[in-house]
Amino acid sequence: MKAKNINDQDSRFSTWKIHLTVATTTLIPAAVGINYIAKALAEGLKLPLWLGSLGTFLASMLAGPTAGAISGFINNVIYGLTLSPVSTVYAITSIGIGIAVGILFHRGWFQNAKRVFVSAIIIALVSTIISTPLNVIFWGGQTGVAWGDAIFATMIGNHINIWLASFTDEFVLDLLDKFAVAYLAFLIYRQLPQRMINYFKDNQ
Amino acid sequence: MSTIQISNLHYQYPTSDFQLAIDQLSIADSLVAIVGQNGAGKSTLFKLLTGLVQPQKGAVKINQRNLATLTPEERLRTIGIVFQDPSSQLFNPTVEKEVAWSLSQLESDAELVQATVKKALASVGLTKLKDQNPFDLSLPEKKLLTIATVLAINPQIYLFDEPMMSLDWPSQRLVTDLMQYLAQTGHQVIAITHDMDWAAATFSKMVALAAGNVVFEGTPTNFFSCPEPVKKAGLLPPRIMTIAQEVFNDHHVYLTPQDYAEKYPAHQ
Amino acid sequence: MANYQKLSINQLSFTYQHDRVPVLNDLTVSVPLDHIIGIIGNHHAGKTTLCRVLAGIVPHIIAGNLVGSCQLGDQSPVQDWPAYNQQTGFVLQDPHSQLSGLADTVADEIAFDLLNHGVEETAIQQRVAAVAAQLQLTAQLQQSPDSLSGGQLQRLAIATAIVTRPTVLILDDPTSEMDPQGRSDFFNWLKTVTHTTIVIVSNEIDELCEIADELWVLEKGHLVSHGTPLQVMNHLSPKWQVATPTIYQLASLMNWPLATKPTLFPVNFNQLRRCVNVNHSN
Amino acid sequence: MDIRHNRLQKVARLHWYNVVDPVTKLLLALFLTLLSFQLTDLYFEAGLVLISLILLLLSRLSVATLHAVSFSLFLIATMILIQGLFNSQNAHPLVTILSITFYQEGVLYALTMGARILIIIFSIGFFMNTTTVSENATYLESVGMPYNQVYLLMSVCYILPQIQQNLKKIQFAEKARGINPQKTLIQKLRSLLPIMIPLIIKTFDQSINRSITLQLRGFNSPERTIAAPMYHYFKTKLSHYFLVLMIIILIGCKLWQIIKNFL
Numbered sequence: 001m002k003a004k005n006i007n008d009q010d011s012r013f014s015t016w017k018i019h020l021t022v023a024t025t026t027l028i029p030a031a032v033g034i035n036y037i038a039k040a041l042a043e044g045l046k047l048p049l050w051l052g053s054l055g056t057f058l059a060s061m062l063a064g065p066t067a068g069a070i071s072g073f074i075n076n077v078i079y080g081l082t083l084s085p086v087s088t089v090y091a092i093t094s095i096g097i098g099i100a101v102g103i104l105f106h107r108g109w110f111q112n113a114k115r116v117f118v119s120a121i122i123i124a125l126v127s128t129i130i131s132t133p134l135n136v137i138f139w140g141g142q143t144g145v146a147w148g149d150a151i152f153a154t155m156i157g158n159h160i161n162i163w164l165a166s167f168t169d170e171f172v173l174d175l176l177d178k179f180a181v182a183y184l185a186f187l188i189y190r191q192l193p194q195r196m197i198n199y200f201k202d203n204q
Numbered sequence: 001m002s003t004i005q006i007s008n009l010h011y012q013y014p015t016s017d018f019q020l021a022i023d024q025l026s027i028a029d030s031l032v033a034i035v036g037q038n039g040a041g042k043s044t045l046f047k048l049l050t051g052l053v054q055p056q057k058g059a060v061k062i063n064q065r066n067l068a069t070l071t072p073e074e075r076l077r078t079i080g081i082v083f084q085d086p087s088s089q090l091f092n093p094t095v096e097k098e099v100a101w102s103l104s105q106l107e108s109d110a111e112l113v114q115a116t117v118k119k120a121l122a123s124v125g126l127t128k129l130k131d132q133n134p135f136d137l138s139l140p141e142k143k144l145l146t147i148a149t150v151l152a153i154n155p156q157i158y159l160f161d162e163p164m165m166s167l168d169w170p171s172q173r174l175v176t177d178l179m180q181y182l183a184q185t186g187h188q189v190i191a192i193t194h195d196m197d198w199a200a201a202t203f204s205k206m207v208a209l210a211a212g213n214v215v216f217e218g219t220p221t222n223f224f225s226c227p228e229p230v231k232k233a234g235l236l237p238p239r240i241m242t243i244a245q246e247v248f249n250d251h252h253v254y255l256t257p258q259d260y261a262e263k264y265p266a267h268q
Numbered sequence: 001m002a003n004y005q006k007l008s009i010n011q012l013s014f015t016y017q018h019d020r021v022p023v024l025n026d027l028t029v030s031v032p033l034d035h036i037i038g039i040i041g042n043h044h045a046g047k048t049t050l051c052r053v054l055a056g057i058v059p060h061i062i063a064g065n066l067v068g069s070c071q072l073g074d075q076s077p078v079q080d081w082p083a084y085n086q087q088t089g090f091v092l093q094d095p096h097s098q099l100s101g102l103a104d105t106v107a108d109e110i111a112f113d114l115l116n117h118g119v120e121e122t123a124i125q126q127r128v129a130a131v132a133a134q135l136q137l138t139a140q141l142q143q144s145p146d147s148l149s150g151g152q153l154q155r156l157a158i159a160t161a162i163v164t165r166p167t168v169l170i171l172d173d174p175t176s177e178m179d180p181q182g183r184s185d186f187f188n189w190l191k192t193v194t195h196t197t198i199v200i201v202s203n204e205i206d207e208l209c210e211i212a213d214e215l216w217v218l219e220k221g222h223l224v225s226h227g228t229p230l231q232v233m234n235h236l237s238p239k240w241q242v243a244t245p246t247i248y249q250l251a252s253l254m255n256w257p258l259a260t261k262p263t264l265f266p267v268n269f270n271q272l273r274r275c276v277n278v279n280h281s282n
Numbered sequence: 001m002d003i004r005h006n007r008l009q010k011v012a013r014l015h016w017y018n019v020v021d022p023v024t025k026l027l028l029a030l031f032l033t034l035l036s037f038q039l040t041d042l043y044f045e046a047g048l049v050l051i052s053l054i055l056l057l058l059s060r061l062s063v064a065t066l067h068a069v070s071f072s073l074f075l076i077a078t079m080i081l082i083q084g085l086f087n088s089q090n091a092h093p094l095v096t097i098l099s100i101t102f103y104q105e106g107v108l109y110a111l112t113m114g115a116r117i118l119i120i121i122f123s124i125g126f127f128m129n130t131t132t133v134s135e136n137a138t139y140l141e142s143v144g145m146p147y148n149q150v151y152l153l154m155s156v157c158y159i160l161p162q163i164q165q166n167l168k169k170i171q172f173a174e175k176a177r178g179i180n181p182q183k184t185l186i187q188k189l190r191s192l193l194p195i196m197i198p199l200i201i202k203t204f205d206q207s208i209n210r211s212i213t214l215q216l217r218g219f220n221s222p223e224r225t226i227a228a229p230m231y232h233y234f235k236t237k238l239s240h241y242f243l244v245l246m247i248i249i250l251i252g253c254k255l256w257q258i259i260k261n262f263l
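Residue numbers (the UniProt record's numbering), protein chains in the order written: chain A, 1 to 204; chain B, 1 to 268; chain C, 1 to 282; chain D, 1 to 263.
FYI, nobody ran anything at the bench for these hints, they're computed from the structure. This one's a predicted model, so the numbers in the text were calculated from it and none came from an experiment. C-beta: ideal position from N, C-alpha, C; glycine also. Just so you know, not all the hints are guaranteed correct.
To be verified - Here are the in silico distance ranges between beta carbons for each label pair:
1. A/Lys-46 / D/Ala-91: 38 to 46 Å
2. B/Gln-105 / A/Lys-46: 17 to 25 Å
3. D/Leu-14 / C/Gly-118: 23 to 31 Å
4. C/His-18 / D/His-15: 26 to 34 Å
5. A/Lys-46 / D/Leu-73: 19 to 27 Å
6. B/Gln-54 / C/Lys-191: 40 to 48 Å
7. D/Phe-234 / C/Gln-87: 40 to 48 Å
8. B/Lys-128 / C/Thr-263: 33 to 41 Å
9. C/Ser-144 / D/Leu-14: 17 to 25 Å
10. A/Asn-161 / D/Leu-14: 51 to 59 Å
11. A/Gln-111 / D/Pro-161: 33 to 41 Å
As the list claims (entries may be wrong) - No more than 25 Å apart at the CA atoms, straight line, and that leaves these computed lysine-lysine pairs for DSS-like:
12. B/Lys-263 / B/Lys-205
13. B/Lys-118 / B/Lys-97
14. D/Lys-183 / A/Lys-46
15. B/Lys-47 / D/Lys-169
All chains should be built: construct the whole structure from the sequences, respecting the hints.
So, in structure tokens, the structure goes:
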């Protein structure tokens, strides 16, 4: 058997081991699945939104920023490997979103509809700040959404700096998307049975 | 009372070999059980009876009208559907709103909605829980809630998929009584089930399916008096018949222990 | 105090964390090991929670306040859970979530526990094949678990629980998705299992009275009755709203009591046969 | 008979790419991507696109890859349009169509970017089309990745069909309750709730139950038999070291260029 040299390599991985409970380990794939379905439903309804971070939001709210960040990360890696390879690099954005939601939720910024409004803006800002450089590196500043790119093209055509144009393109889209996702997550979370919330809270 | 008429019905799933094929079936009784093994075609027939899935050939007609031609409103008023798994259709914040949501699609008078919801909740015994989150209820309570959402609309026909599953004894009795009440007040109740004891005791007509075909239609007494279709459908007779056969070597048809007690003097 | 040949529960109460009302309230009962125990009762009775206590799920995985003791032979699910868990098989109400979620085939799914416990590959092969044969899953071994019907999935869930050869088997409503024939096969199989303490929650009161050595009746967290099916069924309070087996209904309608105990009506085939042989000549 | 792995069948279907381990394939994809970002010459880029395309064609083409390619080709086209017309460096006209002038610099820039995207898609496509989920899972476990992390990465692929099954059931049940198609954006979003709420609660409920059974079934047991890799791979360590070295060199070059710009 190969048991020997397997043990040798164990130490290499333990250095970047993140402590995960079994509850979080099963929550994360579920959250990724929800991201995937939400995105598919948004496309099916021809919404001008992605909604692909709904599961990440809920994972952060239920099990904290780490769970959300990992959900977001794995989501983009899997999505990138199976459907759209370039979206892999946006894993960094998803990590940012997961952390932002986790912290905001913990601080009580998902308690009522008014506060969710503020949270959505902050999360959209975080997402845009991380995504813009990636858009510039990989897509020359475009986002791939037609009407966002129309804004981008107009601004570039008027000799506005590519970074500012790209930032605007991304932020407009992100703001709309994160508003929709934040309110959906807020409404859904309110309706989760208490025992479910408690289970993930106790098993963090 | 309505009549459901099925003629030359054919349905096949795109991804499997299974076919449902029914030449002629007419359902005019008020309490009808559709029975069969897993995979006999019960769920497929259920889907076709909802009117939400169209057959490749033939049609399901209710009082001479093709189900496929009903508008959504007409469909809701004609057929009420109670699914096997109640958790797939609940989404409102409270039990009361859950029931009101269904009705408010057809009825805009808020006062009427409220009064009807109250009545529907009372008839399934959920009045006390009206302000609870539906997802905090127990499984039998969730199932009663989905029944209440249909009761509020008061359709002509009630379609149940495995109604006894995941219910405890008191709620089984409650639902059975409710079905009998509905049948007495001019509704038609159709239930898909593999609970033979319950089917024998409750229904006046049975339709047995096997491998996508109807192998029997008639009264429970007739069904269980001919062992051939029962066996073909992979079903067991009511337990009281097994007891009579195994303990007393008595091969008469009995639907319930009460039935046995009544016939006992004559059979001695 | 400790009796090594018994399953004994002593003044057991349990309250889930974040909850004020106890779900189990002052349960005391004991039965010899290797018996089949049927648990009956209506919703909110505490059946699932009692199963969770017996499997150690509460308080080890789901938090809560447990008072009193629970002892199975020389082990306790409360005190030495990891060792106890190795000897326990548990089947959940929902067979879908019983699965590991990372197996291509039914065979891999059954092998999951054995791999986790470091069992050797040849032994795994043998045990998987044997368990599959017992539960009539041999033809499905190479199929994906996703392709199974509800009844087959429940049998797979049971297979994953018994492949580790547990000394305690806890089954929470394991037959809900089986058809009549499948259910009857399952209870017949259960009768053949030996050297195992079996705790089963089920609504199938007729079957329970055939196979159980002991019935426990729970009502709103209280153990309101326990004993042999014969004793329990003959001393039900209408307040508990518990179903009775067909044989009992028949015998009480016909007034056919047991010959040896004229105040009691039979609850299963053997008892009915005996009382009929004595009371009647046909 | 071997009931858990039908190895005999697999040997019969063994392809050349089964000899390359999954990590080497991923590192190769990363290497080609970084190389494409290092190069600026369009001919070299075209060469790399060709190499990755050949890799892909020598394996199996999947529908998913074709989708990804067609989606990106559309984006690349819009990129050529926007950059060709508006890029700030534009100076030399390339072609004029109906009095709209495309500039050399912008088109070149867009083509380079497009080539990089195609390289990423082709090389990742090669990885995806030549490995299976269970091969990756067993390989990662066999090289020492803790099982709970393998589980985390891989169970996503198994959970999706299950969620989709639940989704179908829920959509049918909600259709039966009479949900009509909605018109405005807010109405459309609201119409998602009747589907998403039961779906999410069901999915999370199954996660809770699964986390309980995994613990009961000895998921975290230290005695776990570590899975043996499915195939005999060719010189795994050598190829890993070589590719990692090349990747480090490429990153080093890039960093040196950036630093040099500042000096």
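For the pair supplied as a hint, B/Lys-263 and B/Lys-205, confirm whether the alpha-carbon distance does not exceed 25 Å. Answer holds: B/Lys-263 to B/Lys-205 is near 21 Å, not above 25 Å.
Status of the given 23 to 31 Å range, CB of C/Gly-118 versus CB of D/Leu-14: Distance hint for D/Leu-14, C/Gly-118 holds at roughly 30 Å.
Is the hinted range of 17 to 25 Å satisfied by the C-beta distance from C/Ser-144 to D/Leu-14? Hint holds: Cβ distance 22 Å, inside 17 to 25 Å.
Satisfaction of the hinted span 40 to 48 Å by the C-beta atoms belonging to B/Gln-54 and C/Lys-191: holds, 47 Å
Does the Cβ distance between A/Lys-46 and D/Leu-73 fall inside 19 to 27 Å? holds, 21 Å
Is 33 to 41 Å respected by the C-beta to C-beta distance linking A/Gln-111 and D/Pro-161? At 36 Å between Cβs, range holds.
Going straight from one Cα to the other, do B/Lys-47 and D/Lys-169 come out at no more than 25 Å? Distance of about 11 Å is within 25 Å: holds.
If I claimed the Cβ atoms of A/Asn-161 and D/Leu-14 lie 51 to 59 Å apart, would that claim hold in this structure? With a Cβ separation near 55 Å, A/Asn-161 and D/Leu-14 satisfy 51 to 59 Å, so the hint holds.
Given the range 38 to 46 Å, decide if the beta-carbon distance of A/Lys-46 to D/Ala-91 lies inside it. holds, 40 Å
Given a hinted range of 33 to 41 Å, is it respected by the beta-carbon distance of B/Lys-128 and C/Thr-263? holds, 39 Å
B/Gln-105 and A/Lys-46, beta-carbon distance inside 17 to 25 Å? Holds, since B/Gln-105 and A/Lys-46 (Cβ atoms, about 24 Å apart) stay within the stated range.
Assuming the hint says 26 to 34 Å, is it satisfied by the Cβ distance from C/His-18 to D/His-15 or not? Given about 55 Å between the Cβ atoms, the range is violated.
In this structure, only the earlier hint numbered 4 is contradicted, and the remaining ones agree with it.
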